[in-house]
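Respectively, the protein sequence lines represent chains A and B. Reading the first sequence from the start, the letters are residues 1 to 290 in our numbering. Reading the second sequence from the start, the letters are residues 1001 to 1259 in our numbering.
Hints were generated in silico from the structure; no laboratory data involved. No residue lacks a Cβ here, since even glycine has one placed at the ideal position from N, Cα and C. Check the hints yourself; a few may be wrong.
[Unchecked claim] Taking CB as the label site, the calculated pair distances span:
1. B/A1040 to A/A66: 36 to 42 Å
2. A/L168 to B/D1186: 49 to 55 Å
3. B/A1030 to A/D166: 51 to 57 Å
[As the list claims (entries may be wrong)] Computed far set for chain B versus chain A, every beta-carbon distance over 12 Å:
4. L1097
5. L1237
6. N1239
[Claimed, not checked] Computed, partial: chain B to chain A, Cβ under 7 Å:
7. E1130
8. G1131
9. I1259
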Amino acid sequence: MRLFYARTMPAVAAASGQRLFYRHRLPIRVMHWINVFSFFLMLMSGLGIFNAHPHLYWGRDADFDAPLLSITARAGPDGEPHGITQVGPYVFDTDGVLGASRVKGANRQSERAFPSWATIPGRQYLATARNWHLFFAWVFVLNGIAYVTYTVFSGHLRRDLVPRKDELRGIGGSLKDHLLLRHPAGAAARRYNVLQNLAYLAVIFVVLPLIVLAGLGMSPRLDALFGGWVDLLGGRQSARTLHFAAAFLLLAFVVVHVFEVIVTGLWNNLRSMITGYYRLPDDHHEERTP
Amino acid sequence: MSAMARRRFLRLAAGSILPGALAGCDRLAASEPVNDTLRAAQFLSQRAQALVTGRDAMAQEFTEDDIADVFRSNGTAMPDSRLYRQLLADRFRGWRLQVGGLVARPAQYSLADLQAMPSRTQITRHDCVEGWSVIGKWTGVPLRHVLALVQPRPAARYVVFHCADPMDGSDVQAPGSTYYESIALDEAVHPQTILAYGLNDEPLPVKNGAPLRLRVERQLGYKQAKYLMRIDVVERLENIRGGKGGYWEDQGYEWYAGI
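Based on the provided sequences and hints, a complete structural model is requested.
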């Protein structure tokens, strides 16, 4: 079983001069979209949960006087709450988005860490946010386990995700290409590039396990798994902070991922993740050859 | 698709589909049947966690050095109740814990009775559903000792805790709104599940639930019922108050608060 085999479609290729190849197999496509769906529900309900206590700490319990991060509000001159974000000793004015923002339809700002457009539910209610978060946590984790199992046993991991030695040596060039928005064309576009490989591997095998572990580290029942394992994460409040930080790392990955999807051909990429077929970008060197 | 059609599509997506999807999402989030369904995941979590950790696994205990200077109070800090004020003024000498329901020998205990029973002291972490934690040292009688005295009948499945603090106003305005909670019988007989009368080597302060509160260390803060008045052993929760097994549970919070 291989992901990238050249199942070019001769009819299409002949008609348009384009080379379609079958890039993503059905299980990958299905799991990708389940992941997209549950990631955004997890993120938004997670922000709703954070809003119930918009402070992060380091350690076993909460040192209320010394949070690492606080997204709160103070009364503005007009009496309306004014949003501020504190990171350690630094205070930032984040009014309108973080700390205080207007809920749609309201004529005053309300005090809330993340704005209503970013949270599930839009109107702050911790119980509902938890209902969504703890349901889709199961969807997200089971889908993730299925994905990792599939990538290992289908050979996808070894063949497509782990970079080859020569690719690793080309990391500097790949970095430069990314920054200049130069993208592989022709045969080179058949494989993931090395930065892409490393980003995927880091997300799949570092950030995602961390966010799950830190999430479970907040559970008072799983705390009882064996004595003091939560201390390996720095304690429960550290686990909460790591969970939050990992969520934003994932969001950063998604932002870069979507950016790359757009600049390397939105429709071609979307098609390949929906139908499986990807059109190889033209190689300009080949074009010049008569 | 032409470039113009693409742009039109993108504008449409950004301008109407996205906000529409978000608004639809919000309507779903507000829908009671949807949330009832999603909340059912708690029983999957409960089974999975019980399977992984085992019934008698102990919550982490800490050292004296870990105890927080102030044990934060959440929810009620002083019950707005005439009865409670009287009990407090009398230093709880007239207070009795009623224990009944599906038991062979219903009983009532004074604070002195409970303090004369075997005690357990544990330094544990209190995890509020909001996200914060605070470490404190609790002293009390293991609930399983009290249950052994009253002898639950074979049909018994849950232990229900009725409290003194009215939640939706004073006891005159909202007499039926007193806090209540419930836990499963196997959680009730866990060694760390105690009826605590002491916090940090002092009598339990009013803001933390005097004279007696529940400590069920493997679940979140809202399960730790304060101001205990009555304990009932029951077979089902459906016919009690809102039917979901607790004050916050009746308002959408999970009954199983192990995560």
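Hints, verified against the model:
In this structure the hint that B/A1040 and A/A66 lie 36 to 42 Å apart at CB holds, the actual value being about 39 Å. Look at A/L168 against B/D1186: about 53 Å separates their beta carbons, and that is inside 49 to 55 Å. With their beta carbons about 55 Å apart, B/A1030 and A/D166 fall inside the hinted range of 51 to 57 Å. The Cβ of B/L1097 lies farther than 12 Å from every Cβ of chain A, with a closest approach of about 25 Å, so its non-interface assignment holds.
Separation of B/L1237 from chain A is adequate, the least Cβ-Cβ distance of about 17 Å exceeding the 12 Å criterion. No Cβ of chain A comes within 12 Å of the Cβ of B/N1239; the nearest lies about 22 Å off, and the non-interface call holds. With a least beta-carbon distance of about 4 Å to chain A, the hint placing B/E1130 at the interface is held under the 7 Å criterion. Look at B/G1131: its Cβ gets to within about 4 Å of chain A, closer than 7 Å, so that hint holds up.
This hint holds: B/I1259 has a C-beta 4 Å from the nearest C-beta of chain A, less than the 7 Å allowed.
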